[in-house]
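K.L.:
This is what each chain is made of:
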Amino acid sequence: MTPLMEVRDLQVEIPLPHGNLRAIRGVSLTVDPGEAIGVVGESGSGKSITLRALLGLLPQPAKVTGGSILLDGVDVTGMPTARRQRLLTDAVSMVFQDSLTALNPVMRVGEQIAEVPRRKLGMSRTAAHSRAVDLMEQVGIPDPERRYRAYPHELSGGMRQRICIAIALSTDPRLILADEPTTALDVTIQAQVLKVIETLRRERQLGLIFVSHDLAVVSQTCSRVYVMYAGRVVESGDIGTMLRDSRHPYTYALLRSVPDPDAPVHRLITIPGQPPDLTAAVDGCSFAPRCPFAAAECTVQDPPLVPVRYDHTHVTACLRWETAEHWPQWSHPTEPNHIEPGQPLSEAKS
Amino acid sequence: MTAVTAQGASVERMRVRRRQRNVPLVAGLTLLLLIVLAAICAPLLTHWDPIQQDLVNARATPGTPGHLLGTDALGRDVLSRLLYGARVDLRVGFLAVISPFIIGTVLGLISGWFGGWLDMVIMRIVDVVVAFPFFVLVIAIVFALGAGTGSVYVAITVVGWVAYCRIVRGEVLVAKEQEYALAARASGLPTWRILFRHLLPNVVLQAVIYSMSDIVLTILALVTLGYLGLGVPPPTPDWGSMISDGQQFLLTQWYLATIPGVAVVITGLALALVADGLVERFGRR
Chain A
1 MTPLMEVRDL
11 QVEIPLPHGN
21 LRAIRGVSLT
31 VDPGEAIGVV
41 GESGSGKSIT
51 LRALLGLLPQ
61 PAKVTGGSIL
71 LDGVDVTGMP
81 TARRQRLLTD
91 AVSMVFQDSL
101 TALNPVMRVG
111 EQIAEVPRRK
121 LGMSRTAAHS
131 RAVDLMEQVG
141 IPDPERRYRA
151 YPHELSGGMR
161 QRICIAIALS
171 TDPRLILADE
181 PTTALDVTIQ
191 AQVLKVIETL
201 RRERQLGLIF
211 VSHDLAVVSQ
221 TCSRVYVMYA
231 GRVVESGDIG
241 TMLRDSRHPY
251 TYALLRSVPD
261 PDAPVHRLIT
271 IPGQPPDLTA
281 AVDGCSFAPR
291 CPFAAAECTV
301 QDPPLVPVRY
311 DHTHVTACLR
321 WETAEHWPQW
331 SHPTEPNHIE
341 PGQPLSEAKS
Chain B
351 MTAVTAQGAS
361 VERMRVRRRQ
371 RNVPLVAGLT
381 LLLLIVLAAI
391 CAPLLTHWDP
401 IQQDLVNARA
411 TPGTPGHLLG
421 TDALGRDVLS
431 RLLYGARVDL
441 RVGFLAVISP
451 FIIGTVLGLI
461 SGWFGGWLDM
471 VIMRIVDVVV
481 AFPFFVLVIA
491 IVFALGAGTG
501 SVYVAITVVG
511 WVAYCRIVRG
521 EVLVAKEQEY
531 ALAARASGLP
541 TWRILFRHLL
551 PNVVLQAVIY
561 SMSDIVLTIL
571 ALVTLGYLGL
581 GVPPPTPDWG
591 SMISDGQQFL
601 LTQWYLATIP
611 GVAVVITGLA
621 LALVADGLVE
631 RFGRR
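Going line by line, the protein sequences match chains A and B.
Using the working numbering, you'd call the opening residue of the first sequence number 1 and step up by one each time.
Using the working numbering, you'd call the opening residue of the second sequence number 351 and step up by one each time.
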């Protein structure tokens with residue numbers, strides 16, 4: 001089966017006054033038709049930049065400097081811009097994090113949904129209108145005829161995000177890129193919106209790339225997950241495998257930094273330090289400076305992605321993945337960044 | 351459902367309250383409406399012909415029966431000239447702002463959106479125009495084309511578009527990084543549609559607010575040109591030529607120059623109030 005979208009060794013650089021920032025350093029991922037994949041990582045790991053690169057909408061100075069993006073097996077990276085954008089925008093839609101800024105503040109929400117069917121797909125005014133109302137109903141907006149005339153600021157965050165999903169669906173895409181679509185919502189609304197996305201995805205057999213910093217949310221929606229760190233994928237595989245048997249210390253730490261209501265009370269793990277400065281060349285593994293299991297070899301060579309299982313679905317970029325059975329629960333009592341309960345944050349930082 | 355309706359109702363109430371409290375907008379629009387009405391209804395408010403000379407009754411003081419604001423050196427009714435002059439000045443003021451507004455806004459949109467060499471070229475032209483003092487360029491153009499309202503329109507357009515261009519460009523630079531602009535691009539809409547349907551309504555407000563003070567500036571420019579004899583050719587009444595004609599009698603009949611001057615000030619006040627009101631109504635997003 002040809003993957004719906006395939007990214008091979010994507011490189012993105014952002015020229016800055018003090019040197020090139022290598023925002024994406026060789027990211028590869030695939031989505032099959034109807035498949036949902038997750039991309040997880042902390043802020044600045046390159047998740048959002050990857051999504052924008054997939055749509056050909058990188059922010060101003062950023063440029064794709066290597067690798068290729070394949071849509072239905074066709075490489076679109078070398079194409080003339082206009083042709084590439086047409087192919088991409090026909091097949092791919094995006095849902096943004098902040099629904100308030102993602103909607104045009106001075107345009108009625110219904111018109112924003114109806115706009116693409118009318119202007120791009122060439123529907124009549126009435127057909128586009130009824131399609132918009134239809135979509136609003138599908139994303140669970142009560143009384144859609146009345147809401148059609150509302151402006152974005154008149155709707156709640158959950159309603160607005162549903163509108164954004166309706167807009168994304170209005171082009172009849174085959175792939176949805178979701179950039180932290182539920183981060184700005186509170187937990188109950190988050191669950192509702194996730195359910196809407198999941199239902200529509202199953203009904204329409206849509207591909208989904210779900211970007212989040214929250215592994216728990218990703219595990220609800222996605223069958224596979226890619227963990228990104230400092231502009232590259234450090235581990236990827238089946239969501240179940242990753243949760244049970246992660247083989248990269250970063251994923252391992254991420255999983256243990258989430259509170260588990262069923263587990264006995266224990267200290268949550270924090271990952272000491274900060275992601276590396278990507279304008280400087282990184283020697284060896286980019287996570288090594290923060291990794292408690294790092295060995296001398298880790299600072300020499302940037303580890304390639306190696307398969308952990310025979311079927312190659314689970315890969316990790318850790319030289320020491322085989323020692324994972326012996327990784328303890330993380331704790332750093334001597335670490336300077338460690339915060340004692342009751343200690344003021346200002347003191348702890350120094 | 352009841353909660354939803356209640357919320358809708360409170361949104362309505364908030365809107366009404368905000369509109370009610372906007373004193374500057376209401377005051378400005380009322381004042382402007384009165385001025386425009388007075389100009390339109392000029393033939394009903396005065397039976398004097400504004401260019402009819404009557405040397406016997408020249409330089410009548412204000413309050414003279416039949417001549418509420420007196421007559422000028424040639425015996426023409428001042429009130430009548432003021433009202434008919436408003437027709438000329440207001441029309442030219444509003445019309446002369448339209449073409450720089452459109453040209454500046456469109457070029458600002460293009461410049462801000464596309465960036466690159468296009469932005470460079472447009473901004474350098476703007477710099478060149480801005481480098482000249484406003485009146486020097488306006489007077490030079492009117493002088494080259496010959497006095498008259500047609501030349502005034504051309505001159506104001508050539509000089510005036512740069513302000514709109516700069517304002518709109520700056521707003522576009524902010525707006526184009528907003529996610530709604532990104533979302534519009536991501537949905538594959540044609541560029542012109544993104545520019546005019548999505549960005550324009552979000553960036554045009556600042557230009558509209560500026561245009562209010564620009565109308566005042568244009569009326570002042572027209573008055574100045576009239577004063578220099580480069581504006582509306584005599585004997586057509588306009589406030590500028592009234593001021594310049596009245597100036598020579600400043601020591602004896604001070605009101606001849608003062609009355610049209612006050613008219614300019616009141617019109618400027620009305621437009622400034624409207625601009626303030628617009629800021630208050632729509633705020634700075």
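Just so you know, these hints were derived from the structure itself, not from any lab.
One thing to keep in mind: the hints can contain errors.
[Unchecked claim] Just a few of them, taken from the derived set where beta-carbon distance is under 8 Å, the chain B residues facing chain A:
1. Pro393
2. Gly500
3. Ser501
4. Gln528
5. Tyr530
6. Leu532
7. Arg535
8. Leu539
9. Pro551
10. Asn552
11. Gln556
12. Asp626
[To be verified] Capping the alpha-carbon separation at 25 Å, the derived lysine to any residue pairs in SDA-like fashion look like this:
13. A:Lys120 x B:Val476
14. A:Lys63 x B:Val566
15. A:Lys120 x A:Ser156
16. A:Lys63 x B:Pro540
For every residue, glycine included, the Cβ atom is placed at its ideal position computed from N, Cα and C.
K.L.:
All hints are to be evaluated individually against the structure, with a verdict given for each.
P.N.:
Against the structure, the hints:
1. Pro393: Hint on B:Pro393: violated, closest Cβ of chain A at ~42 Å, above 8 Å.
2. Gly500: Because about 36 Å separates B:Gly500 from the closest Cβ in chain A, which is outside the 8 Å limit, the hint is violated.
3. Ser501: Since chain A brings no Cβ nearer than about 37 Å to B:Ser501, farther than 8 Å, the hint is violated.
4. Gln528: holds (5 Å)
5. Tyr530: At about 5 Å, which falls below the 8 Å cut-off, the nearest Cβ of chain A leaves the hint on B:Tyr530 intact, so it holds.
6. Leu532: holds (6 Å)
7. Arg535: Holds, because the Cβ-Cβ distance from B:Arg535 to chain A comes to roughly 6 Å (cut-off 8 Å).
8. Leu539: holds (6 Å)
9. Pro551: For B:Pro551, the interface hint holds, since the closest Cβ of chain A sits about 4 Å away, which is under 8 Å.
10. Asn552: holds (6 Å)
11. Gln556: Since chain A brings no Cβ nearer than about 13 Å to B:Gln556, farther than 8 Å, the hint is violated.
12. Asp626: violated (21 Å)
13. A:Lys120 x B:Val476: At roughly 35 Å apart (the allowed maximum being 25 Å), B:Val476 and A:Lys120 break the hint.
14. A:Lys63 x B:Val566: Given pair A:Lys63, B:Val566 is violated - Cα atoms ~47 Å apart, limit 25 Å.
15. A:Lys120 x A:Ser156: violated (28 Å)
16. A:Lys63 x B:Pro540: holds (23 Å)
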